[in-house]
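**Student:** Chain by chain, the residues:
4 protein chains.
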Amino acid sequence: MASNYFGEIFRFTTFGESHGPAIGCVIDGVPAGIDFDEALIQSDLDKRKPGQSKFTTQRQEGDKVEILSGIFEGKTLGSPICAIIRNTDQRSHDYGEIKNSFRPNHADYTYDKKYGIRDYRGGGRSSARETASRVIAGSIAKMIIKKIHDTTLDIRASVVQIGEKSVNKSMINFDYVYKNPLYIGDESSLDEMSSYLDSIRKSGNSVGAMIEINVSDMPVGLGEPIYHKLDSEIAKGMMSINAVKAVEIGSGFDLASKLGSQAVDSMRKKDDKIAFEANNSGGILGGISSGQDLICRIAIKPTSSILIPSNTIDKDGNNTSISTKGRHDPCVGLRAVPVAEAMMACIIADLSLRNKLSQL
Amino acid sequence: MASNYFGEIFRFTTFGESHGPAIGCVIDGVPAGIDFDEALIQSDLDKRKPGQSKFTTQRQEGDKVEILSGIFEGKTLGSPICAIIRNTDQRSHDYGEIKNSFRPNHADYTYDKKYGIRDYRGGGRSSARETASRVIAGSIAKMIIKKIHDTTLDIRASVVQIGEKSVNKSMINFDYVYKNPLYIGDESSLDEMSSYLDSIRKSGNSVGAMIEINVSDMPVGLGEPIYHKLDSEIAKGMMSINAVKAVEIGSGFDLASKLGSQAVDSMRKKDDKIAFEANNSGGILGGISSGQDLICRIAIKPTSSILIPSNTIDKDGNNTSISTKGRHDPCVGLRAVPVAEAMMACIIADLSLRNKLSQL
Amino acid sequence: MASNYFGEIFRFTTFGESHGPAIGCVIDGVPAGIDFDEALIQSDLDKRKPGQSKFTTQRQEGDKVEILSGIFEGKTLGSPICAIIRNTDQRSHDYGEIKNSFRPNHADYTYDKKYGIRDYRGGGRSSARETASRVIAGSIAKMIIKKIHDTTLDIRASVVQIGEKSVNKSMINFDYVYKNPLYIGDESSLDEMSSYLDSIRKSGNSVGAMIEINVSDMPVGLGEPIYHKLDSEIAKGMMSINAVKAVEIGSGFDLASKLGSQAVDSMRKKDDKIAFEANNSGGILGGISSGQDLICRIAIKPTSSILIPSNTIDKDGNNTSISTKGRHDPCVGLRAVPVAEAMMACIIADLSLRNKLSQL
Amino acid sequence: MASNYFGEIFRFTTFGESHGPAIGCVIDGVPAGIDFDEALIQSDLDKRKPGQSKFTTQRQEGDKVEILSGIFEGKTLGSPICAIIRNTDQRSHDYGEIKNSFRPNHADYTYDKKYGIRDYRGGGRSSARETASRVIAGSIAKMIIKKIHDTTLDIRASVVQIGEKSVNKSMINFDYVYKNPLYIGDESSLDEMSSYLDSIRKSGNSVGAMIEINVSDMPVGLGEPIYHKLDSEIAKGMMSINAVKAVEIGSGFDLASKLGSQAVDSMRKKDDKIAFEANNSGGILGGISSGQDLICRIAIKPTSSILIPSNTIDKDGNNTSISTKGRHDPCVGLRAVPVAEAMMACIIADLSLRNKLSQL
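In order, the protein sequence lines correspond to chains A, B, C and D.
Taking this note's numbering, the leading residue of the first sequence gets -4, the next gets one more, and so forth.
Taking this note's numbering, the leading residue of the second sequence gets -4, the next gets one more, and so forth.
Taking this note's numbering, the leading residue of the third sequence gets -4, the next gets one more, and so forth.
Taking this note's numbering, the leading residue of the fourth sequence gets -4, the next gets one more, and so forth.
Possibly wrong hints are sitting among the right ones.
DEER-style ranges, computed between Cβ atoms [what the hints assert, rightly or not]: (1) D:Thr146 to C:Pro176: 41 to 49 Å; (2) A:Gly57 to D:Leu35: 31 to 39 Å; (3) A:Gly321 to D:Gly28: 27 to 35 Å; (4) C:Pro176 to B:Ser38: 28 to 36 Å.
Simulated from the structure, these hints should not be mistaken for laboratory data.
Built from N, CA and C at the ideal position, the CB exists for glycine as well.
Just chain A, same shape as in the assembly (with noise of 0.2 Å):
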């Protein structure tokens, strides 16, 4: 059934396989008025995009996007807007090892056993190519956000951890991260988490990544009890990118091991304003924003496509092994940063639009 799709009032329904014609995303529910950028979205698309690095697959996505619909002399309709990217790099490759076997860790065997039928070409629709589809939608969705918020409401994220290395949290500097291949905010982490990398890299192998995403000047009230709470929207939409396999809002795991009293986040009135003395919470209060910084992780699995044999079955059930051919992604986490930041402006936007009728 309808299972492409996110967002209730803001909602955008993604298509597209990895070697098929396009991708793309329809967003429908988007305010009219709005005044568009177009530029913003190619300029996020530029930040996904991969063979920027060594760090990154070398596959060359032109990423252009096409817009077509939903926009009339450079404002929003109300109508749908739909975008595309076509899919240059559709060569004739020899699939013969990915298609008659599993891939450990991929969807390859879940998506045969649960369709009948795979596009095999590059993981099909399960292909982290279309996370290009939500930043366009996470694009459009900074533009609502603009549009309602005065605030100063910035969405940023960058990777804190690769592997057994983590940056010195209290060195992030935002706008250091679409400058260094590692997505990373802390220049002093550099150098030693390239080389640990790199190596990584030569060795054939992958690694596992961490990413904070942090939104300052959120307003208070954004979230729906009981059951789309901000927590459960964040959790929904970070899951859903490929091989995030933990969330945490705040203290997180942490709070598992802290006593009540370290975990207050007591308040106070500073110069007529409210202050919180602590965020444990993470920003978030019975599912709804409080006004302070939204604070989340996200765990990414290794990449799955690594040089070193592993054992497998193929399409018969027989045994076998499998490896991947040619240059690798040895660290898939880092390029999540972008689609975390898009997620984080969906989710945003659509509660934004979704509080509108908190109270009349």
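Got chain A sorted already, so can you dock chains B, C and D onto it with the hints?
**Tutor:** The following block gives chains B, C and D in isolation, referenced to the frame of chain A:
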């Protein structure tokens, strides 16, 4: 807007404030002809009922379920099932402090800002009392699961960590979980953890917890790519439970520090069956169940209501402090065990029904 | 799958079988802070209540509404409102004939085939008793409409035709509708129509009816193109009422025989206001309300339960015949008047809320 | 909010403005493994294509469909199918009058008020050009229907009335419908109706029409009570077609004047099959298909664009008049025949999928 529902095909909506006339749920989407086991509902509700030990709140909730619709001659009709529980503990209290001040880490402040009105009696809608409604939905979900799957699919959860104390995971026996007040599965840890929690209780403090949920004999194919992946549905559902702030699937956050070669869930044919040699993915590949055991962990923050005073503000924005009076609940995480099981049952029932439409 | 709900933002779900413990509704999506007028609900329910004249079924439905949630200190909380009505007329009947045979034109045969099980007592879920639940939702919708719109928006319906007898439309006075047992607005037609209907009743027969719904002072802008046009929402809602088999907007079916020049609703500026010179479109252009009066008509089929025997089959597929025993309802269309008003109120409330998101 | 979609399980979303780069649809919810018949789509689109006679608009729409996703090796993948049609007739026109004045009976005024912005070129989103997108969805729906139902289920529509002229219903031959420019099924009426319509066309006027849709060999059980009854889904879908202002099922409005004894669709067992002795209900009982032929009629208003000037106002609220220049379309109802068939196919496909979940 409508947000108090969960699920697409098997969709339940909950209603009710903690100290209003009743709480309950309506489940729309239950197929006809399912054997209705009302005793199971009451049995599941009893597992969640508070006041059964010194470690849970002393509120006397009768929690007697009444079925208003949808059942005829012991079977489901295919029409909505409405079930309610009368709130019996509605004595007139003096809510003075709670009424006028915002309890830190509670939903008081955010509900007030979002809605401009708040039922301050016992937390109103944001009370954990709401979770009784989900337990009812979960019991009915289990009846559907039993009908659909011939396997020995079993959904079982237990507390694996309370503050600084963890169970020995290799010792977990799920049959023990509802026989001890800590909802743990490792009997050998009971004494130490009980003493630890009791000392926290006596000090007027509280503590966080971690729960692990395990589903055995999962069928292959549950989960709807891309935005309704099994991971996404679980993350959304678990985060909707009061006080949950983190969710992970399989190896979860540990995957951030792992190499690709360490995270491989390789596959082998053994005795004409498909066997996985590891389960880092927690039973989900590409958002679809792989047939392995489903493994998920959640973190629950410490009870926010403690006897130790905290800084806060009152409704007029003035600084004040607040603390809970009388008995308190030292670890809200404990009673989340049957609730997490119920949510998982609802997710599996919903995705099992959806999966009937994947192929024709 | 879930199908017992109506509306997107203002969404109500109804539940309950005719002879089960209770019927009711849960309304999810009511904004907070609306003045709650419980007396209006009871007053609206009383308009629909049967047994008030010889022209409606003699079932004694107390129809006392009980509100279980969502209200606090006289205002809506923004949480779901659950309202129930206990079924008081649950005497043990001999349902023999209804149990084993399919009443023609009823839902008996199709429910049996679709669900494999059927609550044969009084029609179960397919009974017109379900419409009481919608009347509750409609009353709450009216409270929202009152809050949103400063206009004198008024939703009023009346019976305009019973069998071969039509009222004089130019004589309709809506204040008269609930003062006569035929729910007509033209007092001058009462005697003739009453005699006509009484003779049908005495002959054990029944007859169809037509209702016209009129909404004055509609705001401009309600209705969501393309698939949630105001026309579409009305058609869907009206057709969901038991026994309704036709819906038309404005000049409706007459438009099939008109010339374009005859159907023009031309526009003029008059006294600084926009005035339309005709209303063939029934107040809707391009699926969006134009500000003209909304006009809609529905046809209700004759009561299917009559004292005259009809051919039918029994559960085993054998030929038999069936007739209603005792008193019957000669024209089900009459009591559809408050139900049609309620549905229209729900549609307008929902679309009014949706329209808040058209522009920012 | 999101409103450009139709269907629950088989859900399509359309996008595109009349004179923007492209129109199209995304269909989410197509089961995997369906044989994909691209030629059927083009064939169905060709039936709807304008410019094929003097009775339809002369716009040259190439209407060549391009499939962007969801198909692999001739079968559906279970992922979304996106199909687009480039707008080739995008010549730069002088839109002066349409740009500044509101055409009566069009969506111009209401779109302007609702959205504050309007793509005035050819009606933009409100143009009947949108219906080409639904025809695509309808063709794909037919592929699903073919797979699910073993019956000879056939969805066929024809024009039964143009203004004052009606066909002889007993003479309808559906094979003739797409062989004549009036989309009628009664060849004997062609000459008279053609002359009639041609004289209207020459006078610069237009006329309304009625279409009857017939579905043979319907399965029993389609339709979801209470609010997604088959009648409701049909009414909603048909009313969403441009210019449709009335819908009736079976005997429809005639039922208002019938006696109960005249409206009985009695049942008999004949040759071990269940046979109905009449079909006043149009094949639907209690909102669920009965297995009889489904019968539905819709009224389409006269083309609003005529050569005869009408009073209207301009954007500044001043009185003016407007008329269409050049060629016009004397009866928009004609081309609604393939569109109505497509909508019916979408409804039946969606409800057929939903019905798989009624019983387990």
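**Student:** Taking the CB of Gly321 (chain A) and the CB of Gly28 (chain D), does the distance hold inside 27 to 35 Å?
**Tutor:** Given a distance of about 32 Å, which is inside 27 to 35 Å, the answer is holds.
**Student:** Can you let me know if the beta-carbon spacing of Gly57 (chain A) and Leu35 (chain D) is within 31 to 39 Å?
**Tutor:** holds, 33 Å
**Student:** Using the beta carbons of Thr146 (chain D) and Pro176 (chain C), state whether their distance is inside 41 to 49 Å or not.
**Tutor:** Since Thr146 (chain D) and Pro176 (chain C) have Cβ atoms about 46 Å apart, the given range 41 to 49 Å holds.
**Student:** Pro176 (chain C) and Ser38 (chain B), beta-carbon distance inside 28 to 36 Å?
**Tutor:** Check failed, 51 Å falls outside 28 to 36 Å.
The structure fails hint 4 only (numbered hints given earlier).
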